[in-house]
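Asks: Here is how the chains run, residue by residue.
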Amino acid sequence: MSFFNWAWDWVTTDANWHGQGSIPQQILAHLGYSALPLLIAAVIAIPAGAALGHRGGKAAVVVSNIANSWRSIPTLGLLTLLAVFLGFSPLTWLLPLVILAIPPILANTYEGVAGVDPAVRDAATGVGMTSWQQVIRVEVPIAMPLILVGLRTSAIFVVATATIAAYVGLGGLGRFIIDGLDSSQYGPVAGGALLVVILAVIVLALFAGLTWLLTPAGLRKQAKAE
Amino acid sequence: MAVDALNLEVPEGKTVVLVGPSGCGKTTTLRMINRLVEPTQGLILLDGTDVKSRNPAHLRRGIGYVIQQTGLFPHRTVEDNIATVPVLTGWPRKKARERARELLALVGLEPELAKRYPHQLSGGQQQRVGVARALAADPPVLLMDEPFSAVDPVVRAALQDQLLSLQAELRKTIVLVTHDIEEAIKVGDIVALFRPHGTLAQVAPPEQLLAAPADDYVAGFVGFDRGIRRLSFVPTEGLVLDASPILPADATVAKALAVGQPWICVTDADRRPRGWVAAATLAETPGDTPLGQVATEPVGHAFTVGTDSLRAALDAAVLSPAGQAVGVDGDGRVRGVATFDQIRAAIQAADAPAADLRLDQRIPEGPRS
Amino acid sequence: MMWSWIPGNWSLIWHLTWENAKLGVLPALYGLVLSLPLGVIAARWRWFYPPVLTVITILYAVPSLALFIALIPAFGLTDTTVIIALTVFSLCVILPNVVAGLRAVPAPVRQAATAMGYGPLRRLVTVELPLAIPLIIAGLRVGVVSGISLASVGQLIGVSSLGYLFIDGLQRSFPTEIYVGLVLVIVLALVCDLILVAVGRVLTPWAADPRERRTSRAARLVKVAG
Numbered sequence: 001m002s003f004f005n006w007a008w009d010w011v012t013t014d015a016n017w018h019g020q021g022s023i024p025q026q027i028l029a030h031l032g033y034s035a036l037p038l039l040i041a042a043v044i045a046i047p048a049g050a051a052l053g054h055r056g057g058k059a060a061v062v063v064s065n066i067a068n069s070w071r072s073i074p075t076l077g078l079l080t081l082l083a084v085f086l087g088f089s090p091l092t093w094l095l096p097l098v099i100l101a102i103p104p105i106l107a108n109t110y111e112g113v114a115g116v117d118p119a120v121r122d123a124a125t126g127v128g129m130t131s132w133q134q135v136i137r138v139e140v141p142i143a144m145p146l147i148l149v150g151l152r153t154s155a156i157f158v159v160a161t162a163t164i165a166a167y168v169g170l171g172g173l174g175r176f177i178i179d180g181l182d183s184s185q186y187g188p189v190a191g192g193a194l195l196v197v198i199l200a201v202i203v204l205a206l207f208a209g210l211t212w213l214l215t216p217a218g219l220r221k222q223a224k225a226e
Numbered sequence: 001m002a003v004d005a006l007n008l009e010v011p012e013g014k015t016v017v018l019v020g021p022s023g024c025g026k027t028t029t030l031r032m033i034n035r036l037v038e039p040t041q042g043l044i045l046l047d048g049t050d051v052k053s054r055n056p057a058h059l060r061r062g063i064g065y066v067i068q069q070t071g072l073f074p075h076r077t078v079e080d081n082i083a084t085v086p087v088l089t090g091w092p093r094k095k096a097r098e099r100a101r102e103l104l105a106l107v108g109l110e111p112e113l114a115k116r117y118p119h120q121l122s123g124g125q126q127q128r129v130g131v132a133r134a135l136a137a138d139p140p141v142l143l144m145d146e147p148f149s150a151v152d153p154v155v156r157a158a159l160q161d162q163l164l165s166l167q168a169e170l171r172k173t174i175v176l177v178t179h180d181i182e183e184a185i186k187v188g189d190i191v192a193l194f195r196p197h198g199t200l201a202q203v204a205p206p207e208q209l210l211a212a213p214a215d216d217y218v219a220g221f222v223g224f225d226r227g228i229r230r231l232s233f234v235p236t237e238g239l240v241l242d243a244s245p246i247l248p249a250d251a252t253v254a255k256a257l258a259v260g261q262p263w264i265c266v267t268d269a270d271r272r273p274r275g276w277v278a279a280a281t282l283a284e285t286p287g288d289t290p291l292g293q294v295a296t297e298p299v300g301h302a303f304t305v306g307t308d309s310l311r312a313a314l315d316a317a318v319l320s321p322a323g324q325a326v327g328v329d330g331d332g333r334v335r336g337v338a339t340f341d342q343i344r345a346a347i348q349a350a351d352a353p354a355a356d357l358r359l360d361q362r363i364p365e366g367p368r369s
Numbered sequence: 001m002m003w004s005w006i007p008g009n010w011s012l013i014w015h016l017t018w019e020n021a022k023l024g025v026l027p028a029l030y031g032l033v034l035s036l037p038l039g040v041i042a043a044r045w046r047w048f049y050p051p052v053l054t055v056i057t058i059l060y061a062v063p064s065l066a067l068f069i070a071l072i073p074a075f076g077l078t079d080t081t082v083i084i085a086l087t088v089f090s091l092c093v094i095l096p097n098v099v100a101g102l103r104a105v106p107a108p109v110r111q112a113a114t115a116m117g118y119g120p121l122r123r124l125v126t127v128e129l130p131l132a133i134p135l136i137i138a139g140l141r142v143g144v145v146s147g148i149s150l151a152s153v154g155q156l157i158g159v160s161s162l163g164y165l166f167i168d169g170l171q172r173s174f175p176t177e178i179y180v181g182l183v184l185v186i187v188l189a190l191v192c193d194l195i196l197v198a199v200g201r202v203l204t205p206w207a208a209d210p211r212e213r214r215t216s217r218a219a220r221l222v223k224v225a226g
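Chains as they are written, first to last, in this note's numbering: chain H, 1 to 226; chain Z, 1 to 369; chain F, 1 to 226.
Rather than coming from a laboratory, the hints here were simulated on the basis of the structure.
Errors might be hidden in some of the hints.
Said to hold, decoys possible - The calculated label-pair distances, taken between Cβ atoms and stated as ranges, are:
1) H/Thr130 / Z/Asp189: 31 to 37 angstroms
2) F/Thr126 / Z/Gly123: 36 to 42 angstroms
3) H/Met1 / F/Pro106: 52 to 58 angstroms
4) Z/Gly123 / F/Thr204: 34 to 40 angstroms
5) F/Pro106 / Z/Glu182: 33 to 39 angstroms
6) F/Phe48 / H/Trp212: 31 to 37 angstroms
7) H/Ala205 / F/Thr204: 36 to 42 angstroms
8) H/Ser22 / F/Pro7: 48 to 54 angstroms
9) H/Gln25 / F/Ser4: 44 to 50 angstroms
10) Z/Gly123 / F/Val125: 37 to 43 angstroms
Stated by the list, open to error - Looking from chain F toward chain H, a few residues come up when the C-beta cut is under 10 angstroms (computed):
11) Pro51
12) Leu53
13) Thr57
14) Pro63
15) Ala70
16) Pro73
17) Thr78
18) Ala151
19) Gln155
20) Arg172
21) Tyr179
22) Leu182
23) Val185
24) Ala189
To be verified - Covered stretches of chain Z, going by a simulated chain H footprint (3 or more residues, C-beta under 8 angstroms):
25) 80 to 92
26) 196 to 206
Backbone N, C-alpha and C define an ideal beta-carbon position, used for all residues, glycine too.
Produce the complete structure using the sequences and hints provided.
Replies: This is the structure we're talking about:
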């Protein structure tokens, strides 16, 4: 049987939609476990990236290094390390997810803000905006497309890592996969994998829509050209 | 960029143009006024107050700032761009947008552009929006850094004219930086010419710069042809005009020859110029022929007495086959003609005071703006 | 941290590192090999790229574990599964960079080459691709670094990599193993990254300033947005 057969059989089994640890429950759980770290990371990384991008200078090197090296950190390693010390506690999965969600958002926000046309910055200073006003009213809106790319990259990454985090006890769609692998049942493994993929694609679509919504109208045409 | 020991006073309601070669510090000087550059030494006084004593952001909200690349906010509409400073100082958005639309008209743009975005506008239109944005909060002082350098010459001329008419209406104190001496001469009430390394070579009204450059550097910078260009500033009111060679088309050839002039200017019934005819040509024509039937040579162009400058008169004389400029009044009716000699006399009369000025000229003491 | 464990298990550590390296580097190279022709086509025939880009964006959103699982019925619980999955991910990262790199070749340069009598293939190989090298290497770096890290996830389906140290370390509550694994993955990734940077510099002797800061904006953008 192919992957799709296994997955389809399992997903269409009614029993899996009811009771403890059912499909709808785990879908919601997965969404929650993905949204929370993403939000926390955004709250940390967007202001930090904007402030660094606004100031420029030496920060470029630091951000660049972070941007290049964050992908080298193995998620499984971080998860298991924390699990050894903290057991299967919320922090065990929350911490790595937040840590790994920060770099794309930080780097992209930095790029977006630092990349604002120097003439526009000069004009913003020249008309009498304070630094903070420049960042909020001019630089961040202009950087919005890139910030959203960063958020999207992080979102995808978090959804994927949350799946793996089932290995250290997290609920969500990864539960089906890990438990299925444990008990050699390919049905839930395939089903869980399929659902996660669908979820990821939905998140992708959501961000496409969000990008369209949040990009200031003046930039939409320019963004399309890029 | 270094600026060295600068003393410059900018009188209220006047346009002072800072001009000089690249790297001379003119832009740095400008940007010290609104503290985009902090001077390491010295004092910048705005309306008597040291600019350093004021909060930079608040200071800048009271100064209009226009730059070469416009720096329009791409994510905001044209009207929201213009409304930036009013909104920043607390105006309700609706009122700010109304003001923005007023300014749009003031800089000569159609109201439909209000809801467009900067990237949808041409270079010249964007520059006008930049000026409108600078004027939105009605600041007493306007700083302009090479505002017209990024557009093509035709658009540039239109923008300069717009600036002149705006200034006539609004009487702002303007400090404008340019590398183009022609622009400086055209729009400036006072021109401050920089040397390459940040010192001032001469500060004077443009006519004086042309008539009496302080040294060879200034003369060289101002450029070739300054004698003639300077004539743009000399009015034609005092020009002596001769009405005798002017005859209507129905006068006879005989009458024309009787005047005794080498050239006759033929006018139509309304006293508008039709052309020149040489006495030599007339001598070969039967005496009773009306002048209107004689072939004439074109006038070239006429100059309007009083409003046009001596430069226009000189140019008219050069173009005229008779070597005489035809002077007309506001309705185009001929008032008289001026020969090269008469024009030269007017030039000499204008030159005399300029010679005195060169001896007395000083760069004003004390930095003020 | 039990340092003595390391010398005692040298051969295991070495074996796992070697496996992980293979699982990270090979797919990136395969991805490069696939990306080059596809990228050339996409750069040349503009209509080809947007649908391809959409497919890539969706594929890249698929969590690695899910993709491994999807390939199991076809390729089993073997290296091949992981390698194919990681090749797909590398393709997703490298292809856009190939396209961007080729498109970044200034039109005057291309025109000059044609005017001098270069046929399209020769122009491609001797002018356009060399000039696209910086961006291609940038993509390759991301591919290799993330591949080395993602390879550790393969351990969850039993494919040998440094991920073994994470899992074993958790099962035995033995953090030393996990530390070793973490450090090795990161070091391995960074070493490969540096090698690629060096290769890039060797291949582009004309580059004026090889410092990181001078990487073109496009390269930084693509890297970060990946």
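Asks: Quick check on F/Ala70 please, does its C-beta sit within 10 angstroms of some C-beta on chain H?
Replies: holds (5 angstroms)
Asks: Does the Cβ-Cβ separation between F/Phe48 and H/Trp212 fall within 31 to 37 angstroms?
Replies: violated (24 angstroms)
Asks: Could you check the hint for me, namely that F/Thr126 and Z/Gly123 are 36 to 42 angstroms apart, CB to CB?
Replies: holds (39 angstroms)
Asks: Using 10 angstroms as the Cβ threshold, decide whether F/Pro73 counts as touching chain H.
Replies: Where the cut-off is 10 angstroms and the nearest Cβ of chain H is about 5 angstroms from F/Pro73, the hint holds.
Asks: Given the hint of 33 to 39 angstroms, check if F/Pro106 and Z/Glu182 actually sit that far apart at their C-beta atoms.
Replies: Holds: the Cβ-Cβ distance is about 35 angstroms, inside 33 to 39 angstroms.
Asks: So, F/Val185 near chain H? Judge it on the closest CB pair being under 10 angstroms.
Replies: The hint holds - F/Val185 has a Cβ within 10 angstroms of chain H, the shortest such distance being about 5 angstroms.
Asks: Does the Cβ distance between H/Thr130 and Z/Asp189 fall inside 31 to 37 angstroms?
Replies: holds (34 angstroms)
Asks: For the hint on F/Thr57, just tell me whether its beta-carbon gets within less than 10 angstroms of chain H.
Replies: holds (7 angstroms)
Asks: Tell me if the interface restraint on F/Pro63 is satisfied: Cβ within less than 10 angstroms of some Cβ in chain H.
Replies: holds (3 angstroms)
Asks: Cβ-Cβ distance between H/Ala205 and F/Thr204: within 36 to 42 angstroms?
Replies: holds (39 angstroms)
Asks: Are 3 or more residues of the segment 80 to 92 of chain Z near chain H, judged by a Cβ distance of less than 8 angstroms?
Replies: holds (count 3)
Asks: Do H/Gln25 and F/Ser4 keep their Cβ atoms within the hinted range of 44 to 50 angstroms?
Replies: holds (46 angstroms)
Comparing the model with each numbered hint stated earlier shows that hints 6, 11, 12, 17 and 26 do not hold.
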